[in-house]
Structures are given as structure tokens and as C-alpha cells.
Amino acid sequence: MRNTRAVEAWTIGPLEHFVGQAGARLVLIMTPAGQVMAQYGFARAVDVMTAAALGAGIVASSSEIASMLGQPPFAALGHRGTHHGIVLSSFDSPRGRLLVLVVYGVETSLGLVQLFLGTLVDDLAAACPVPESRGPVLAVNFENELNRSLDALFGQ
Amino acid sequence: MSAHVRRALEEITRIRGVRGAVLADRTEGIVVAESAMLGVRREAIAALGASLVRRCGVLLEGGGLGVPRHVLLQGREGTLVAVPVTDELLLLAVGDAAVNVGLVRAELQRVARELR
Amino acid sequence: MTERRPRAPWDPHSLDAAERLRRQGDLEAAARVAIDRLEHAPGDAAAHDLYARVLADMGNLPGAESEWQEVLGQLPRHAGAHKGLGFIRFREGRLDDALDHLEIALASAPGDPAVVQAMRTVRAALQREASPPRDRVFEGLEGAGRGLLLVDARGGVLGGAVRDADGFDRSELVGGYAADLVHEARRTTAMLHLGSWEWVVVEGSEGSTYLAAPTDEAVLCILRDRGVPAARLTLLAEPALAAAREWLHEQTL
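Residue numbers (this note's numbering), protein chains in the order written: chain A, 1 to 156; chain B, 1001 to 1116; chain C, 2001 to 2253.
Keep in mind the hints are simulated off the structure, nothing from the lab. Cβ coordinates follow ideal geometry from the N, Cα and C atoms, glycine included. Accuracy of the hints is not assured; some may be wrong.
Selected chain B positions facing chain C (in silico; Cβ < 8 Å) [unchecked claim]:
hint: 1; residue: E1011
hint: 2; residue: V1032
hint: 3; residue: L1048
hint: 4; residue: S1051
hint: 5; residue: G1062
hint: 6; residue: G1064
hint: 7; residue: P1068
hint: 8; residue: H1070
hint: 9; residue: L1072
Just chain A, same shape as in the assembly:
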């Protein structure tokens, strides 16, 4: 599947399976901080960065609301427009908390996206390798890592 790119290669299989079954147009798998692990369907780096930042922001905001209500963070959020819908889902994985942003069109449905998100979570958990121990994040490391991520996400 040409439109799939990943910083973490183990996410590719589950992501491609999800896209094939759910019929999503755009997908981001990322950390709550907005660091993208894999993407499908995006053509430009700036779109990936923007979508990741906004998606992470939406989840963070809604988590605050949930906290004010005295409940755990919302598992999923959905918005439906005329031509597209979006779903933001957060879940626990061996790599910690992860977020998935899905954009879908009229050719599929919220129900199908939600149905196969469950499979995606299971597949990611099954595919996830044992996490490596990481050193402290320095500014220069962060920038290098960001550039490396963008290169991987856009196949350069």
C-alpha cells in the first residue's frame, strides 16, 4: 500500500489492515504529545504535523473535561461533517498511551471505522516489539528525531 508510511515499521501491517477494512481516507497513529508513528493517506508533511498537533490537542482538551467530570479520559471522540467524519481514539499499548486519528468519507461509516478500530488496537498490541530503554530527550535529539520521522513518513 503505497500511501502508508511509518517511523515504527511494526505499525505498518496493522495500519494497512485497518485502512483496507474500514475504508479510511487518512489515518495518523501518534503519541499523546503529537509525535507521529505512522500515517496513511497524507501527501504533505505540514498536513501531518498540523493534524497531529490538532488531534493531540483535542484529546488533551477533552481529557481535561473528563477529569473535571471525575471520569477517565474519553475512549473516542467523533465528529461528522457533510463530506467527511473524523474519529479520535486513545488506547493503551505496550508503548504506552497512543492516539489514532481517522478521517473517513461517505464510502464507509462511523460504525465500520469504530468496528475495525478495535481490531487495530489488538493488532498493534500484538505487533508491538519490546520497547527499548531511551535516554533523556535533548533539544538537538528532538529536532533530529523529528526530521528522521518526517523523512520516514514521506519516504525520503
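Got chain A sorted already, so can you dock chains B and C onto it with the hints?
Just chains B and C now, kept in the frame of chain A:
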């Protein structure tokens, strides 16, 4: 409406061989109301049933045969019956392979008329 | 008394020159040379052959055939004559006879590229003739030609046809949608634990459709207007499925 709809769905599930009945949003493929046995995947019925009926509609339109009135999907070990209620709602029932599909269809159509 | 002038001796290169005239399209001039030669040497096979080619170019196939038969009367394995007769038989649709002539031509003139190409053309035509046309799949069955369609798993039409009330062929469109619907049906039965998919019936406001798979790689689609009850489609399906399986089996032989 919720209690009335739930009662109607429960009547469908009382038909011998029926494992579950779902009222689904046709566009979103999500459950609006349901009555199903334990272990029956209600969300999957709604999502996949709505997607199937949408494709049936596309095929009928391509063949000049109008819009779907009912859909009968036969598997080796089970059956899915779908009856559109309105442009927004869809009734679905899942049953065993030998379920009386005529009776299920008739009941779904009766409930659909009540819901319109 | 008129003195008859002696005829100029025959130039053996004049047939070559006439052939060049023929290829340049000057058929009349080429024909005059051939006729002149044949008036004085009726048995000249080369002149008969040339004249046959000129007549064929002019569209006079009966005349050309007669000339080539003259050639074969003297030289039974003349490559040019057999090549010409092969062409005539091909135009007549007698493909086996065409191939027979071309095989003799090739044996007499091995490696002649024109003969080789002609044989390829005839063999391709024979192959097409051997393939049953689309409508033969469901020949004799109710709905054949308008409401019985066989497609592959990707929606490509294999046989049969679907036509709407105005007679327009909707096979390609319906075939694509049918394959897509079957893909979804298979997914649905698998994920809802209904076992392997067997068939689906859809009743519409203006008619009904039935889909089933005669083999793993093909889909049968039956369409009827609302004059036919949806339940009847499952009865119509059995002979159609059997016909489809038999036809598909023949394609692999």
C-alpha cells in the same frame, strides 16, 4: 420511543432461531436500539449490515431495479435479514441457518411500518 | 496486304517490372503486362500468379482464385498460389482451409515472413471462434441475454448480459457492483460468524436480484423485474449455477 422500539425488537428475537435484532443508523452504521443474545456483536451487525444494504442499493440502482425493500444474506451457519425502515434507519436480524426467514422478514416489515 | 510485324522478344524481366507496377498501385498497367504474356504463353505459371495478385488487389477474388488454380495445375506446391488461396479462404471465413493452404506455402517457402504472419492471424481467428460467445453461457435459460450475468471476482464480465427495460446493456456496471457486493457479503458472514457465504437475495422496489458463486472465482447475478417474486430467483438459480459451472470448466480445458 426507546421502550416501544425495544419491545418490538424483543418480539423479533422471540422467533425461533433468531439470535439478535438491531435497529441501526443506515448512514453511520451504528446501533440505535437492540435486543440480542449474549455474545452477539451488535455493533458489527449494525456496521456491516448497513454497509451491505448500501451496496445492495447501488447494485439495484445500476440494474434499474429501484431501492432495497429487504435483503436476505445466507451463510452456511447463519442468516442475516435486513429491512430498511426509512432513509435513516435500518432493521436487522441475525439467526441460525434454518431460521424461518419468511417469518423474520414479515415481522421486520411489520415493525418497520410501525416505526415510520 | 498488311504485313504482320514480328513481335518483340519476351523480356523475362517484364514480370518483375509488372510486379513493381502492382506494388505501386498501377494495377491496370500490371494487368496489361500479365495479360499480354498469357496471350502468348498461356502456360506461364509466373504470369498467372502475377495476374492473380493483380486481380486480388482489384477485389476480383473469383478471378484471382481461378488464376491461382491454374498455377497449382502446373505447380501443385507453388508458394505464392497457396498463399493467395489462403488469403481468399480467410476472407470467406473458411479458417481451417486457409490454414491448410498457408502450411503448404510455408513448407514450400520456409521462413517467408508474410506467410508466418498470415498463419498467426488465422490461428488467432480460429482461437476466437473456438471461445463461446458471452450469450452461450446461459443459452436456453429463462432470462438469458437480459437478466443472467457471470462475472469474475473483480467484476469483469465473463458471460451473459444484463439489459434494462430500454434494452441498454448494463452488464459492465452491474458486474462491478455485484462483485463488490459479494465481497462485502463474504466479509459480513465471516465477521458475524454466519459461516461461509452462500447467496444473497435483494428485493427492490422495481425488481430483485440474486447473487451466488458457482466457483470461488466467479459470481452469478440474476436480475428480474418486479413481475418475478424474489423467492423465485432461488429456483431460477440452480440451472443457471449449473450452466455457469459447466461453462467455466470448459474454459480451463
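Each hint tested on the structure:
no., hint, result
1, E1011, "21 Å, violated"
2, V1032, "18 Å, violated"
3, L1048, "4 Å, holds"
4, S1051, "6 Å, holds"
5, G1062, "5 Å, holds"
6, G1064, "4 Å, holds"
7, P1068, "6 Å, holds"
8, H1070, "5 Å, holds"
9, L1072, "5 Å, holds"
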